[in-house]
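**Q** Sequence order for the protein chains is A and B.
With numbering that gives the first Met the number 0 applied, the first sequence corresponds to residues 0 to 152, in that order.
With numbering that gives the first Met the number 0 applied, the second sequence corresponds to residues 0 to 180, in that order.
Incorrect hints may appear among the rest.
No farther apart than 20 Å at their CA atoms in a straight line, the calculated lysine to any residue pairs in the SDA-like style are these [claimed, not checked]: (1) B:K56 - B:F71; (2) B:K141 - A:G19; (3) A:K9 - B:E178; (4) B:K59 - A:M38.
Keep in mind the hints are simulated off the structure, nothing from the lab.
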Amino acid sequence: MKDNSEHIEKEPRFPRMESGYSVPEGYFETFGERLKLRMEVESQDKPSKSMLVYLRPALGLAAGLAIFLTLYLHPFDSQKQSDLVGMQDTGDLSAIDQTDSMVSTYTSLVSDVSFFSALSEMDEYDASKISKDGLAEYLVSNCSDFEILNANK
Amino acid sequence: MIDKDKELISDLKNEGKREMAFQLLVKTYQQRLYWHIRKIVVSHDDADDLLQNVFIKVWKNIGNFREDSSLFTWLFRIATNESLSFLQQKKRRNIFSIDGVSDYLVETFESGAHFEGEELQKRLHLAVLQLPEKQRLVFNMKYYEEMKYEQMAEILKTSVGALKASYHHAVKKIEAHFEGE
Chain A
0 MKDNSEHIEK EPRFPRMESG YSVPEGYFET FGERLKLRME VESQDKPSKS
50 MLVYLRPALG LAAGLAIFLT LYLHPFDSQK QSDLVGMQDT GDLSAIDQTD
100 SMVSTYTSLV SDVSFFSALS EMDEYDASKI SKDGLAEYLV SNCSDFEILN
150 ANK
Chain B
0 MIDKDKELIS DLKNEGKREM AFQLLVKTYQ QRLYWHIRKI VVSHDDADDL
50 LQNVFIKVWK NIGNFREDSS LFTWLFRIAT NESLSFLQQK KRRNIFSIDG
100 VSDYLVETFE SGAHFEGEEL QKRLHLAVLQ LPEKQRLVFN MKYYEEMKYE
150 QMAEILKTSV GALKASYHHA VKKIEAHFEG E
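Could you put together the complete structure from these sequences and hints?
**A** Printed below as a string of structure tokens:
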């Protein structure tokens, strides 16, 4: 049986060659010095371990205080949201004022362009184009009997 | 482990002899480590940074070196990991796909800085840079650095069989690349 490892060990069909990579002149001669310089600079920049031991609890305290103050001065306002939910569940009407103000805020934000374009679409609408059957169908679909009977009252 | 390395490690762990020993370590291994890193990351500037990082790591961690492998193996393992981590970081920051790393390396190579080889050497590099990471690494170590499989197995913590298979596949792909040109 042929030993498969033989062809795995075979040399490549392309010739052996160097990489062709080069370095700047004097690179290796000066590498040691540059490394030493970098290590000296880094050891000066880094705060000493003993300083960090003292700083850490102070930093933790400062971070905790910052979080507390943020929450105290700008609490998350869940009141509006819970009011809306309350309205749906219990019929609490006190939230309606708030929703009205939200609606008016929204409508004020709707651009004038979109509002007037909607109006112009309405103006173009010609009521005479509605057939009696079409109107009857609309009323049956969209209005209650009570509303229809009392429409002219 | 050879006696010279044992003595060097002992001096590196000795506060009074540490600096001298470290200078000797750098002088002894800088070139071999540099070329190993350079073939992985291609760029001279990146290789220079990474080589410095390797020696700084050695300086900081020599106390943790358990001497269960040779000094050479340990150094090369650090250099390989630093280089591969560097490429991983590049991949993450630039949203490279796996193929994208090859594209990055080819682009770096073709920028031409610090390459003085001939056309055939260039073609070989371009073929190697298209290989998957592991095959590229194994090919570099076997073909260019002429390492023994057993040595590579220690450095890369993988089996000799797996390395032979990687090298075989790498060579086949490169041969096909040349034939297809």
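**Q** It remains to establish, for every hint, whether it holds in the given structure.
**A** Right, here's what the structure says about each hint:
Between B:K56 and B:F71 the CA atoms are separated by roughly 15 Å; this keeps the pair inside 20 Å, and the hint holds. Only pairs whose Cα atoms come within 20 Å are accepted, and B:K141 paired with A:G19 is accepted, the gap being roughly 17 Å. At roughly 18 Å between alpha-carbon atoms, A:K9 and B:E178 fall within 20 Å of each other, so this suggested pair holds. A distance of roughly 11 Å separates the Cα atoms of B:K59 and A:M38; the hinted pair therefore holds under the 20 Å criterion.
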